[in-house]
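**Student:** So the sequences go chain by chain: D and F.
Just so you know, we're using the numbering used here here: the first sequence kicks off at 182 and counts up by one.
Just so you know, we're using the numbering used here here: the second sequence kicks off at 182 and counts up by one.
Simulated from the structure, these hints should not be mistaken for lab results.
Do not rely on the hints blindly, as some may be mistaken.
Keeping only pairs whose Cα atoms sit at most 16 Å apart, straight-line, the calculated EDC-like set for lysine to aspartate or glutamate is [stated by the list, open to error]:
id	chain 1	residue 1	chain 2	residue 2
1	D	Lys226	D	Asp404
2	D	Lys428	D	Glu206
3	D	Lys185	D	Glu467
4	D	Lys428	D	Glu315
5	D	Lys215	F	Glu345
6	F	Lys215	D	Glu345
Some, not all, of what chain D presents toward chain F, calculated at C-beta under 7 Å [unchecked claim]:
id	residue
7	Asp183
8	Leu184
9	Leu213
10	His264
11	Ala289
12	Ile292
13	Leu293
14	Thr300
15	Leu304
16	Ala328
17	Arg329
18	Ser333
19	Val342
To give an idea of the interface, some chain F residues facing chain D are shown, with a C-beta separation under 7 Å as derived from the structure [unchecked claim]:
id	residue
20	Gln193
21	Val285
22	Ile292
23	Phe303
24	Ser333
25	Thr361
Glycine is no exception: its CB is placed at the ideal position from the N, C-alpha and C atoms.
There are 2 protein chains.
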Amino acid sequence: MDLKSYLKERQQRVDAALDRYLPAEDTLPQQLHKAIRYSVFAGGKRIRPILMIAACEAVGGDVAQVIPAACAMEMIHTYSLIHDDLPAMDDDDFRRGRPTCHKVFGDAIAILAGDALQTEAFLLLSGMAAGQGEAAEIGRQVIHTIARCAGSMGMVGGQVVDMESEGREIDLPTLEYIHTRKTGALILASVQSGALLGGADREAFEALSRYAEAAGLAFQVADDILDIVGDQALLGKDVGSDVARGKATYPALLGLEQARQRARELRDLALAALSGFGEQADPLREIARYIVDRSF
Amino acid sequence: MDLKSYLKERQQRVDAALDRYLPAEDTLPQQLHKAIRYSVFAGGKRIRPILMIAACEAVGGDVAQVIPAACAMEMIHTYSLIHDDLPAMDDDDFRRGRPTCHKVFGDAIAILAGDALQTEAFLLLSGMAAGQGEAAEIGRQVIHTIARCAGSMGMVGGQVVDMESEGREIDLPTLEYIHTRKTGALILASVQSGALLGGADREAFEALSRYAEAAGLAFQVADDILDIVGDQALLGKDVGSDVARGKATYPALLGLEQARQRARELRDLALAALSGFGEQADPLREIARYIVDRSF
Numbered sequence: 182m183d184l185k186s187y188l189k190e191r192q193q194r195v196d197a198a199l200d201r202y203l204p205a206e207d208t209l210p211q212q213l214h215k216a217i218r219y220s221v222f223a224g225g226k227r228i229r230p231i232l233m234i235a236a237c238e239a240v241g242g243d244v245a246q247v248i249p250a251a252c253a254m255e256m257i258h259t260y261s262l263i264h265d266d267l268p269a270m271d272d273d274d275f276r277r278g279r280p281t282c283h284k285v286f287g288d289a290i291a292i293l294a295g296d297a298l299q300t301e302a303f304l305l306l307s308g309m310a311a312g313q314g315e316a317a318e319i320g321r322q323v324i325h326t327i328a329r330c331a332g333s334m335g336m337v338g339g340q341v342v343d344m345e346s347e348g349r350e351i352d353l354p355t356l357e358y359i360h361t362r363k364t365g366a367l368i369l370a371s372v373q374s375g376a377l378l379g380g381a382d383r384e385a386f387e388a389l390s391r392y393a394e395a396a397g398l399a400f401q402v403a404d405d406i407l408d409i410v411g412d413q414a415l416l417g418k419d420v421g422s423d424v425a426r427g428k429a430t431y432p433a434l435l436g437l438e439q440a441r442q443r444a445r446e447l448r449d450l451a452l453a454a455l456s457g458f459g460e461q462a463d464p465l466r467e468i469a470r471y472i473v474d475r476s477f
Numbered sequence: 182m183d184l185k186s187y188l189k190e191r192q193q194r195v196d197a198a199l200d201r202y203l204p205a206e207d208t209l210p211q212q213l214h215k216a217i218r219y220s221v222f223a224g225g226k227r228i229r230p231i232l233m234i235a236a237c238e239a240v241g242g243d244v245a246q247v248i249p250a251a252c253a254m255e256m257i258h259t260y261s262l263i264h265d266d267l268p269a270m271d272d273d274d275f276r277r278g279r280p281t282c283h284k285v286f287g288d289a290i291a292i293l294a295g296d297a298l299q300t301e302a303f304l305l306l307s308g309m310a311a312g313q314g315e316a317a318e319i320g321r322q323v324i325h326t327i328a329r330c331a332g333s334m335g336m337v338g339g340q341v342v343d344m345e346s347e348g349r350e351i352d353l354p355t356l357e358y359i360h361t362r363k364t365g366a367l368i369l370a371s372v373q374s375g376a377l378l379g380g381a382d383r384e385a386f387e388a389l390s391r392y393a394e395a396a397g398l399a400f401q402v403a404d405d406i407l408d409i410v411g412d413q414a415l416l417g418k419d420v421g422s423d424v425a426r427g428k429a430t431y432p433a434l435l436g437l438e439q440a441r442q443r444a445r446e447l448r449d450l451a452l453a454a455l456s457g458f459g460e461q462a463d464p465l466r467e468i469a470r471y472i473v474d475r476s477f
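Chain D on its own, in the form it takes in the complex:
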């Protein structure tokens, strides 16, 4: 399979659906809806939605079933980026090469745009599976999975510990605590939601969860490596910004070569979790390889 065209096709489908689901820019209050669209359509690669789609396809599900939840996931991811970039948090002026939401619309609108995006995600999720029967119960499980992974013991919890750790020496278990939550939790929720919506049985659900845990951590290790060796133009943010900020990273704790070794091990763990799947899981396999290879 050709990963590039797979990713592009899925990304376009997600982008088109996001455009349909989000209120238009001229909807009152206009500044709020402009800020929301500015941040959602800022050139994101839609990694989480694509993982959800790929997990759904891996168990033989239909892409259409998963599109609303995939878009909701991207809204939650985007809300977290808007809030992370605020002056009171990471204080970032640029993301993906463009001024951040609060630089364009002001802090107050950025806070509220993030808030509204999170609400919009759950509004979209609750619009799925109207009516009764099994679909309603699966819809409920998807909302539960996403809320658990996004909340105080998931993504937000990881962000808190990450902030608290800035400028301090932390050990590897703390670093993995941060990353399994800050970025790993939404990746896990994406894959699990795709599995649920695709009709996975328990065994497939658990295998896909193992895949997501390993791939999610690999993603973060690779991101840390890219922060050191990456191409600024490609990343759209300052190379070395984590180091400058005193953030713990895998290369800082393990050294660059050991970090690369760790990324490769995690990739292999992710691939091993998919050993029981046929070629329907090839996109998931290619994504795990891509995540790690881009850091070499």
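Given the structure of chain D, go ahead and fit chain F onto it with the hints provided.
**Tutor:** For chain F alone, coordinates are given in the frame of chain D:
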């Protein structure tokens, strides 16, 4: 009926349930969970949860069914207060006589505590009605109702227009746009959720919605009046703070006497909406009277 003991009993029940549902203070990350509990247990009157309970009781429903959704509603209300108080927004140092969340825990934790509280609300809502059948569909409708009223065209939208209007002259339709969203939307969602969970038929649902719209606006008119004539010790915030901030209020637009007249009219509209209900709706009637009477 004795409204005071009714309110107190319901409030205690909501408080006890919130205590059960929220992660303990020593759950990691501790600062986050301390901040969440600090703000949730800051002496709120639980108006929205009590309205949800009273609406459920008005249609003959059981209080226990509505407790999780009532707590979720209070979490959403509390998240909005934490974010409203931030320096980038209203910049309030005190609420209900205590330092605001960001004054105690810092801006970053306050932003994240608000974010996590919103997520926690949807986590709690999605934990209701597990299994299949009618309960799952009602649960879905409740999540949908709450998300619609809390989002960019509801509460958050009202907050944006309120902020944009500060220091400007606005007309009565704009003021009502703000209030039907900023405070009215969650009150409407509370009553509608209680009605849904209590098993209301369409006619009862619509009557209760009319009640909520009138009572919600009455609540805001009364609040504006109290900002001028209220007792600072009782309110726990500065009297005259809206005026000092250049916020449009009903008394400023209509004059004090006309504003009181408007509050009375809205109370009567709320009571008229309940004309088809028996004494099970007495708590709702008493609450409408109480909302308006406290401003005289």
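**Student:** To test your reading of the hints: which numbers does this structure violate?
**Tutor:** Hints 2, 4, 7, 8, 20, 21, 25 not satisfied by this model.
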